[in-house]
Each structure stands twice: as structure tokens, then as C-alpha cells.
Amino acid sequence: MKQIIQILLTATLLSALTGCNDTLDNSIDIDLTPDQVYVNFERMEQAAAGAYINLAKVSGFYAWGNSLKACASDEAEETNYTAKSQQFNIGSWNQYSNPDDIYASMYTAIRQCNLFLENSTEYKKILVRDTITSAGRDQYMQQCTLIEWYRYEVQFLRAFYHFELAKRYGGIPIIRKTITEDEALKIPRSDMQECMTFVKEECDSIYKHMQYDWIAAKYPDYHGRATAGAALALSSRATLYQASPLHNPGNDISLWKDAATVAKTLIDLKKANSTTPQYAMASNYDELFLAPNSYSGSEIIFYQRFANSNVLEAWSYPIGTPGGNSGVTPSQNLVDAYEKLPGWDASKPYEKVDPRLQKTIVVNGSTWNGRTIESHIGGIDGTDKKGASRTGYYLKKFLSPNLALTGANQGRSMKAWVFFRYTEAFLNYAEAMNEAFGPDYTDATYTMSAREALDKIRQRADVNLPAIQSGLNKDEFREIVKRERRVELAFEDHRAWDLRRWKEGEKLGEPIKGVRITKNVDNSLSYDFDYTVEDRVFSEKMYFYPIPQSEINKNPEVLKQNPLW
Amino acid sequence: MRNKNIIKQLLSLLLLAAFNQGIYAQILSDTLIVKESNPFTTDKYSLSAKSSVAGNNIRGQAESSLSNLLSGRIAGLTVMHSSGLPGENTPQVFIRGKSTYMGTDILVYVDGFESSLDFLVPEEIEKITVLKDAVALAPYGIRGANGVILVETKRGQSGSLKIGVGVKTGLSNPINKLDFLDSYGYASLYNEAISNDLGKWSPYYTDDELAIYKNGSDPSFYPNVNWLDEVLKSQTHFEEANISLQGGGSNVNYYTMVNFTNTPQLFQTNNNSFAKSIKSVNAYTKLNVRGNIDVKINDIFGIKVNMGGAVLNIDAPNSSKIFTLTNSLPPNAFPVTNIDGSWAASPTYPDNPLAELHGTGKKNYHKRYLQSDLVLRQDLSQFIKGLSFSEGISFWGYGNTEDITTKDYQRYQMTRNDQGEVATNLIGGSNPEFDLSQSLKDQTTRLSIDLKANYMRNFDKHHLDASIAYMYSKYTISGNNLAYLNAGLYGNVKYMFDSRYLAEFAYAYNGSENLPNNNKYGFFPSMALGWIVSEENFFNVPSIDLLKVRISGGMVGNSDLGSTRFGYQTYYNSSTKLNLGSAANSSISSLIEGKLGNPYISYEKNYKYNFGLETRILKKISIAFDLFYEKRKGILATNESKVPAIVGINLPYENIGEVSNKGFEVELTHNNRINDFSYTIGGNIAFAKNKIDYQAEVLRSENYLYRTGRPVGQQFALEAIGFFNSWEEINDAQTPVHSFAQVQPGDVRYKDQNGDGIINEDDLIAMGYSSIPQISGGLNLGLSYKNFDLIADFYGMANRSTMLSGNLVWAFYNNGQVPEMALDRWAYYPDRGIDTRSSAKYPRLTVADNNNNNRASSLWMRDISFFRLQNMELGYNFSKSVTSKLFMKQLRVYLQGTNLLTYSTMKEFDPEVYSGYPMVRSFSIGLKAQF
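Protein sequence lines correspond, in order, to chains X and S.
Take 17 as the starting number for the first sequence in my numbering and just add one per residue.
Take 6 as the starting number for the second sequence in my numbering and just add one per residue.
Take the hints with a grain of salt, since some may be wrong.
[What the hints assert, rightly or not] Here are the computed distance ranges between Cβ atoms for each label pair: (1) X:287 / S:742: 53 to 63 Å; (2) X:199 / S:524: 24 to 34 Å; (3) X:268 / S:326: 55 to 65 Å; (4) S:718 / X:46: 26 to 36 Å; (5) S:326 / X:284: 47 to 57 Å.
[Claimed, not checked] 27 Å max Cα-Cα, derived DSS-like pairs, lysine-lysine: (6) S:582 / X:140; (7) S:205 / X:535; (8) X:576 / S:647; (9) S:326 / X:402; (10) S:326 / S:284; (11) S:326 / X:100; (12) S:368 / S:446; (13) X:73 / S:600; (14) S:756 / X:557; (15) S:326 / X:401; (16) X:193 / S:600; (17) X:402 / S:205; (18) S:912 / S:756; (19) S:647 / X:202; (20) X:193 / S:582.
[Unchecked claim] Which bits of chain S does chain X cover? Going by a derived footprint, with three or more residues having C-beta under 8 Å, they are: (21) 230-242; (22) 382-394; (23) 511-518; (24) 639-653; (25) 702-715.
What the hints contain is simulated information worked out from the structure, not anything from laboratory work.
In this text, a Cβ means the ideal position worked out from N, Cα and C, and glycines have one as well.
Please build the complete structure, drawing on both the sequences and the hints.
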């Protein structure tokens, strides 16, 4: 008997110990496996969010640390020599090393979009359908609508990611579904026209099905998801690029007309079931870029909001502000672009000038963060000081004023990167109309002239610049549009791309100028506006980024490099 | 399923056989009742490639990590010191170099169970053995590829009670002080650097200011601070004491030990009374305890109980910036404190190293380690001659509580007006109360089970030893981690004929939780053959006592796939939240497809082959020689070179990489005695050279750019061929375009390797070695004359390179300071009588970033072969006549010095710890007594 018990005990012990595969199985998964994702509303929503978050890769904030891509254009110089923009500025970027190489990361983003679109096709069957209670029915219907919206939004995101690729690399492979390695090896680059047409057609086909206004639809918590306006804004930008000299060397006027039409559609976009315009230009230019206006303002079409922080301020506050590191410093080249008003005097260069100058740029003698800025030589923000601005200017746009940057109780503020705002539609419209018809043309379709569109921007309440005279020719007006665009959209990651599409890349190769201000014995100031801060490099091949060499090497027969790289 | 059955059947058979003998009711022991001696436990008849060091030969030093003390002690074990900071100085350890480009974690077994090395102290160690070849590593199967370190702790011997007492105390000081220029040197070179940038002589510091720096007459406004000297004391002390008791009788043997070390760190204590601050952050104490007991209950049953543990109390600064600051902060940035005692800082340099040390709070670690084993043994020779069983269970635990005291400090800057009045202005920071609210906890545990059956018989000239065992291990890290699980069978069969011919077959059949269900287990066989030539009748060389050759081959694995758990499964991962809401108050979690799973993922296979030769001559000289070749297949790699990015997937791991590794080890020991004079010489040297045979490398534009075919970690760099001496040279059409930056005279000139007229990434060539040495070794000398003895232990490394970078070598880099080597810079200001063009060894200075000069090139590459006298001891053993009066059996007093001498090919820095908390040199006096 005793022996039998022993044997049984032994056997039990052994079974427990030698469960073998069971022995080595933790029996739970910490993360979700693919078949556990598209099973209910919450997880489908999170998968859609997974397509959204790739926006961070093309955002103007945080893509290059705390610096801005404006430093790789003639808008600014980066104080920190190790910032990524320097590689662009000295021309040492190439197919092996490119700080703005988003080729692989954008296709990862596109796959997240395609995965969502393919796996949520049957969303009406996937969502929990409770048809017994009326509350259950309502919830089911609501969830169906929300997922349907998500599907259009993800389609928009896919188009946006393709646009961001094409703007950098020129024509790129268009990926409309998830693909395998073997399929990938057969897909060639589409040309630029095909890419832009793809973006436009996607946007045109979806925008009417998208939500117009999350607040009006009683979904304020969803504010920030893409809307019909976002799709139109993307379409407007894509059609403008498509018509521009770089991509439209034969100057096909019909492309400019397309661009004008799309921009006009966006300008005229009405709220759902209403005659009220969906968007309105903000009356206040300087507050437009600070929270909460930077995401909830009437002008904002599509944005990405980031957590509360002060790292951008710490990076770019003037060196004389404790915790400030100068960071992104506007160039004299940009300062020169601001329109001088009647009565302007070179001895007081920052007065009687387009008011947007001091709303965008911190200049010597101005008051900011509760103190007077001294960027003159010898001043506490002076250009001769270690770690100070080398241009003599500091950034104001986007930066919240008066944040404490040192110590335990630091100030922080919300940041939102605006991908599309309403004003851009007017700039797009003015440029396209001028190229298609000239500055003063109107008709039944194009009820607003290019000149009127620009004046709308110039007559924003706190800008209030004189109206543009009529009767200019196309070439004269073109320069005005370009200057207006440069000034209005400064630091918003447009300039480098606008110069490229205008075939004015050589301006990216012009020296960056700064100001040197000397305080004379009588306390008057002398200005040297021709101080060269940095020589820049731009060559013909740089109109397009090179496809990463590693990608060319994987598939040299099908994937061809851009010219001259 | 098949696996399951095999294991169940085997184990059931074994245990049932035992229990059916009706011995279950009785329980019994271990101090082993070995009826027959087992020849295979002696080194002479071992077929494995392994090397060991006795615990008595491991000399404790001021720093307390055990693995650091193994440098140069064991042939084939490379120990790379990483820091001198007690508690944070765990070195990188390699056995026979590297045979993979992935992780090389070595398993450590203490008294037969998996554990860790660094909580132990030398006092409790009997022997440390490193296992190297396939037959030695076979039992570890799927985890054996990187090698294993076995530790045996001391055990009691039958006999009367022996009490050992040891005490030691000493002083230690840092051995490597970094050489940065003082304020005068900094300011003088700053003038030159900024002039270089501006293209004409335009000094920033006036001659008057330079003079003040030189004579140090105004330390408040023209300070000259050596920040490392401020942060670290020049000297600290340490103490160690231990007591051990051992003994035993016919039934119970015991060994117990308590060891206490106190090694205060070198951080400066605080004497700033201006603001609330921490007094000191120097505590480092470690208490070790051990109790090992062997009990023989009767002729059949025995029990072995081991308990070993350590309790550590360690302070650390709360700031992690201190050494970054001491490496970069210029000597004239600001004084340590302002004249009113407040912490100084400036807007450009907002952090003060001393204030970071004393003003930001501290961390206090309480670490606890415990290993406790219980092993039951049954000798069943009464029933089946030669059969024995053992069942062991071990629990290993590590817990750490980290109490964090946080605080901020106010930074003030002094200004002086034209009247000479000094004011201090607050420029940032705050002075809050200490915040004691943070505490982190960290816990790891391991449960190990080992069930073994052994059959050992000697039949006339035939000797047989066979065993089979089942092992299970569960390793848990606190937090949201799944346990690491291993289980399986292992065993071996050893056979010897006539003490001349030996054969061994060893194997493991084990698995890991980290592999897919259909592929969790692997079979890892190995085989060894040996021939003791000196036992042959025909062998008639009286001077040669032993001559043995052995050969082994086999395969072991590795299933540790780095940070990748469950590589067979695709997971969706939570990623950044999507921020939404018109009131900026809502967000949605996001899910993204993670790394694709590879259902065919498997363990790495490491094929190891070894040839060994052991000899002993004239009973005085022992030589062991091992030659090895190993090839690792199936190393995980992502196939980056093939899959186009437009697929958009996060590439799965595949078992495609291959690395081969070959080398040799030689060990030599020589003991001799001439009258009162005796000496021992021990030396070992190991060479290991690896090569990446395949790693799915991306296609490269030039053949010499490939990493495949070169050693793991091979350095690649540009070949610097001097400096540009003029604009004519730069603008010469024959000069390649240096594309990393716009160059000017004084910048580094590189060789255009592919002749395409552009210096870019394509011009990197393989240069030097990897940072892991190909050659490492040690030399241990012992001398004794009458009552005196002298011990000297050396270790060294060769065929090893490093690429220096950052503030340590780049002057003014990121507003940093200036290393002494910058005095050899290129400079040309004929008006000021400066012309170093012909003698320059360092590029022209700049206060800007210089992408051309500050990058991996032969200019910054250093060979770091070195040889270090790690330990030296002079001892005196009191004679019996003295000790007997003191009721002692033995008494030795000694003087010890560590890290006394270093010869290195890299002159600028210590060859092992370049920066951060330095290694220390120590001098101590100690006493060891036995009662």
C-alpha cells in the first residue's frame, strides 16, 4: 500500500515537472497578436490611431529634435552646430546619409494605413451588434459611422504620406495595398504627375464623406481627426505643386486652373447644411501660433497636438534668458523680405515695417519675456556672446512667452504643429490664378481675383497692410505672391519646398546673412545688415532628395536613382 | 508531445526503479559515501577544455566586484573593466572572445545552480572554473554557446573546528586624471580657435585677461577650476573584515563565513553651508554571509544545504550629469561657488558639477542577494552498485530598493560694476525642501530544479560513469515581464580503459520559452576522445610525468535573442497616444504592427571543436595547450539587404548570420623549491580571432566597405593623411572634395580610397581592431623565503583599438574644454609668430562644430594594448613559536598594493577606464589568522 502511494506521488510529481511544452509556456501574451486587433470598436480605433501617429514623422516639431527644418532653408540658421540642418546647409547630405530621409518610415506608415483599410473592411460585421435594446442599436449605428469616418481618414493619411514622399523624392512607388517582398521588387516609381494625381483623386473622392466639423457634430473630443477640409487642403497643395515649374516644365495652364479650382473649393467650403463658411481667417496673427489657437482656432484645418512641454522654448529662447540656447535664429535674408512701409528709416530698421516681422522674429531692442532684448554687440543676447544667435535675431513664432526654464517649477505650454491652415488656400489660389489668368481676373467660376485673395491676407486685423495696386502684370504679381507666401508662412516648413518647386533652389545656396549692431558712444546704434553668417551649398541635383542607396541596391533594375546623385 | 513522453518515461523509470527498492521511508546523505573512487573527477582524466583559479589566489581589492578580480587569472577569460565606481563596475566578460555579433551573456553557476558572480566575495570561493569546449558545455545545451563560469564555494572538511579571521584596511586614489588645459591654456587657445573661424586674428580674451588667468589674481571673475579635482577627493579609505568557521565530523560538515567591506567612494564631501544640500554620497558597504552544510544521515541518504547572500548599501549622486560636466565644462566657466557661498553657474553653462553632486539630492540603493540550495542525495550502491541519485532545488533572488531624494539648487552668477561692486544674481533654479517621495523597487528571482541519476562503476580496467538529469529553471524579473523558462534533460557517458584511453559522450535535450511551440527544444550532442600517452608502456621519458592529448567536438546553442522575446509571433504594440480634443483633453491609444513574427525562428547553433594537450615535466612544470575553432550558425539578423522598404514591414528576425572564431590558449605553471626559497610562476595567454561569415549585409558601393569577412566590431574610419596647409592645397583640382564640411587650412586631409574625387562615407576603411582584445593573458608570480612571501599578479591585453571622440579629445566641442593634446594643433599666424604647420599633430582649433575633423578617422584611433600590475603583496608568516603563544595555528601580515604599474600603448588615458569615475590604486595592510 505504502509503495503504491509512493508511486502515485512520484508520478504526480513527475507530471508536474515535465509538462514539457507546457513547462515552457507562460500561457499568456502580453501584447496583442494580429487576430486580436480587428475584433471590436476600441481596438479598431486604436489601429486607426496607429495610422495617425506617423504624422509625427513629417511634423515640423520634434522631427529634428527641438530644432526646426526652417534652419535648412534661407529662413534661419541653427545655433547648435551639431543640428541636423547643418548637414543640409553644408551640402554633405546624400544617398547614404540624409537627416530628412523618411523613405522607409513613410512606407511603414503607409502599411499601417493599408492594414487598417484591409482589415476593417468588414467593420459592420466586426462591431458588436446588439439589436435587442434601442441603446444597443444606437451604439452600433454610432460605432459604424465612426469607423466609416476612420476609413476615409486613413485613406486621407495614406494620400498625405504619399504626398510627403513625392515632394521630397519626386515620383515614388504608389502603394495602395499591403504587399509582399516579391511584389515590392516589381513596383517601379510612378512619375510626379501620377503621384500628385493619385493624391488629388483620393482626396476628391473622399472629402465629401468625411466629417466637416467635429465640434458641430457633437464630437469635441475627436477634434483633431482629419476632416473634409483637411482632404481639400491636401488636394490644394498637391495640385499647386503639380502645376509648379519644377513639376510642370511645359507650363501647362490647365494644371494652374485645377489648382485654383481646388483652392477655391476650400475657400468656399461651408459648414454642413449651412451657408456659414467652415473656416475663417483669424484676426490675430501673433496668437494664431500659440495654444489654444494653434489647434482650436477658426483658421486651423489640420494639426497634430503634442504634450505640454518647454523644450522648444529651452532650445530657442535668447541666450540671455536663463535656460535659453538661441537655437533657431531667423536670418537677415528673411527679415529683408518683410515689406517696408512709408516712412521707414534705416536707423530704426524694425519700425514701420510689415507688423508680422515682430510677431515672428525677436529683434534687438524689442521687449520679450518681460525684458528688453539686447542682441547688439556687448548686450546680454549679443552676437559676440558664446552660444548666442549668430544672425542677431531670435525666434518668436510658435514659442510661448514668459516660460520659466530653470528650476523645479518650470513653465510649459501646449504645442500643435499645423499641417494646413486656411490662409494657405488663399496663397495657393492667388498664385494659381495669377499663373492661369493674371492678377486681376475674375469670372463666374473664379469670383475672386488673385489680388483680392492676397489682400484678404494682408488685411488681417492686426496686420493691416495697404492693398496691392491693380493693373500689375503676371511677373510683377508673381514676386508679390512669393514674398507674401514667404512672410506669412515663415517657419511653417514651406520655404524650402516652395523654392524648389519654383525652380529657385539657388536661393538655398545663397549665404545666410545676419545683422551686427554696434552701440555707439552716444548710445545710438549702427547696423551692418550684410554680415555673412554661413555659406550655403545647393546644387542642381538637390531639387529632389536621393532615394536611399540601400534601396537602390536592393532592386537596381526597377528602382532608379534621381538624376545627378 | 514526443519530448514530453521521452522525459516522462525516462524520469519515471529512474525514480520508480529507486522507489521500488523500498527506500523511500529512509532519508539519507552526501558528504559522500563514495564507495568507489571516481577517477573522472580528477583533472588528469578529464576530457574538457576548462581552466580555473583557486579562491585563495583571487586577491581582494578596494573595488568589490568579483569578476574584475578575474582579469588575467583564467586562460581564455577576458575581463574588460568599465568603471572604478564601486557597485557600478561590473565588467564586460568574454570567454574565447566573441563568436556572435549579438549578445554574449555568460552563464554563471554557483554550487551547481544558476546564479550570479558579482555578489560573492573572494573569501568564500573555493574555485572558479571556466568551461570552454563543447563537451564541457554540453549540459547547458540551448544556453551554452557563450560559455559558462562555474563557482564552487568553500565547504567544511572533517576535522576539528578551524576559525579564520582576516582584516584589511587601506587607502585608494584615482589612477587616471584627465589632462585638460587650465584657464590660461583654454583662453589662449580659444583666441586662436575663434580667429580660425573668423578668418583673421580676432582674440576674444585680451592680453590683460590672459595675464589674470595666468597669475590667478581674480578667482571670482577669472576662475581656474579643475572640475574633476573638485568632484573627486584625491584619496579614500576602505576596510574589510571576515571570519569563517569550518569543521565537521563523521556526519556533519559545515562552513560559515561573514565578510564585511566598507569602500567609501571618492566623491567629495560637502562643505557648502549656503543652501540645503547633501552632506555626502559616499556610502558603499557590503555584508556577505554564507553557510554550507553537508549532512550524512546514513549510508544511503545525504543532504547538502547552501545559503549565501549579500546585503549592500550604496549611495549615489542623484544627478547623472556629473562626469559629463567634468569632461566638458571649461575651467573658467565660473568658480565653484560665488563669494557669498551660493552655487555659481552661467546662462551658457547652467549646471555646476559640485552643485549637481551635492545640491540635487541622492540615491540610496539597498540591494539584497540570496542563493539558497537544498540537495538530497541517495547512494544506492547497496542495491545497485554504483547507482546514486540527487535532487536539488535552488532559489536565487535579487532585490533592490532605490530611495531617491531629489532637490534642485539655485544658480547664481556674479557681476561686477564699474565701481567694483559685486552682486550675485539669481539666474535659475529653485531651492525647495528635499523631496523624499520617490522610491523604485526592482526584483528578480530564479527557481532551479535539478534531478540527477548517476551510475559509476570501475570494472577491472574499465571505468564507466553515466548520468542523466532533468533541469528546470524559471527566471522572473519584476514588472510586466513574462518569466524566462528553460527545461530539459542532460547527461553524459564517460568511459576509460586502463587509464590510457578515454571517451566521453555528453548531451542536452533542452528548450526555451522563447522559441515557437513546434521548435522549443533542441538536441545538443558532443563527443570527446583522449589518450594519456604517458601511461603507455612504450612511453619511456622519465622527465615527462604526464602527456595527454584530447579532442572534442559538438554543438551547443543560444536561444537568448537579445531583447526580442517570442520572435516567432507578430505583435501589435501600443505606441504613442494620438492627442485629440478641442479642449486639448482627450487622447486615443494607438496600436501598430510590430516586428513581424518568424514562425521558423530557432536557436543559434554553435559548433565547437577543440584540440588539447596537457603535460607535466619534472613534477614542476605543467603546460596546457588548447586550440579551438568554432562556428556559430543561425545568428539572428534582419534581412535588410533584401526586403525593399516599400513593403513597410518591421523586418522579422531570421536565423541567417554566421560567425567563425578560432584561437588558442596556453597555460603554464611552474613550482620549485630551493632550500628556504620557493617560487611559483603561473602564466596564461589566449588568442581568439573571429570573422563574420554572413550577416545579410546591405549592398555596399565598395568592396572594402563590407563588414562581412571582418571581425565583429571591426572599426571603420577615414585615413587621415595630414592637414591642409593652404587654400592652394584645398582648391587644387587634384585634391578630392572633402564633403563633410567646408574645409580650411589646418583641417584634416583624408585619403580618397576609391579615387572618385570626393571624400565621403565611401572612403571609410577597416582600421585597427575591435574594442575587444584578440589577445589577453596574465602572469602570476609567487616567491617565498623563510617567513616572507611576495606575490605579483599582472594582466594584459593586445590587438585592441578604440576610436576616441567627444570632449575628451575634441577641443571646444559643444562649448567644451580643451584636452592637452590640442597643444599640438595646427596654427598659422605669422604676424604673431605662430606657425606649427610642420609639427602639428592635431587639426586647427575651432569653437564651431567641425564635421570634417571631428569624425572617426585614423587621427582619433588608438591602439590600446596594455600590461598592468594588478596586485602585489608582501607577506610575513609568523613562526609556530609565536603563533602558538597566541593560540593560533597561522598568522600572516601583509602589505598589498593594487594597480601599481600600467604600461599602455595609449598614452593619453588609462587603457581601460578613459573617463567617468576612475579606477583606483590602493595600498593596504592586512592580517590573516587561523585558530
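Evaluation of the provided hints:
{"no.": "1", "hint": "X:287 / S:742: 53 to 63 Å", "result": "58 Å, holds"}
{"no.": "2", "hint": "X:199 / S:524: 24 to 34 Å", "result": "28 Å, holds"}
{"no.": "3", "hint": "X:268 / S:326: 55 to 65 Å", "result": "59 Å, holds"}
{"no.": "4", "hint": "S:718 / X:46: 26 to 36 Å", "result": "32 Å, holds"}
{"no.": "5", "hint": "S:326 / X:284: 47 to 57 Å", "result": "56 Å, holds"}
{"no.": "6", "hint": "S:582 / X:140", "result": "26 Å, holds"}
{"no.": "7", "hint": "S:205 / X:535", "result": "23 Å, holds"}
{"no.": "8", "hint": "X:576 / S:647", "result": "16 Å, holds"}
{"no.": "9", "hint": "S:326 / X:402", "result": "21 Å, holds"}
{"no.": "10", "hint": "S:326 / S:284", "result": "19 Å, holds"}
{"no.": "11", "hint": "S:326 / X:100", "result": "24 Å, holds"}
{"no.": "12", "hint": "S:368 / S:446", "result": "13 Å, holds"}
{"no.": "13", "hint": "X:73 / S:600", "result": "19 Å, holds"}
{"no.": "14", "hint": "S:756 / X:557", "result": "25 Å, holds"}
{"no.": "15", "hint": "S:326 / X:401", "result": "24 Å, holds"}
{"no.": "16", "hint": "X:193 / S:600", "result": "19 Å, holds"}
{"no.": "17", "hint": "X:402 / S:205", "result": "18 Å, holds"}
{"no.": "18", "hint": "S:912 / S:756", "result": "26 Å, holds"}
{"no.": "19", "hint": "S:647 / X:202", "result": "13 Å, holds"}
{"no.": "20", "hint": "X:193 / S:582", "result": "25 Å, holds"}
{"no.": "21", "hint": "230-242", "result": "violated (count 0)"}
{"no.": "22", "hint": "382-394", "result": "violated (count 0)"}
{"no.": "23", "hint": "511-518", "result": "holds (count 3)"}
{"no.": "24", "hint": "639-653", "result": "holds (count 9)"}
{"no.": "25", "hint": "702-715", "result": "holds (count 4)"}
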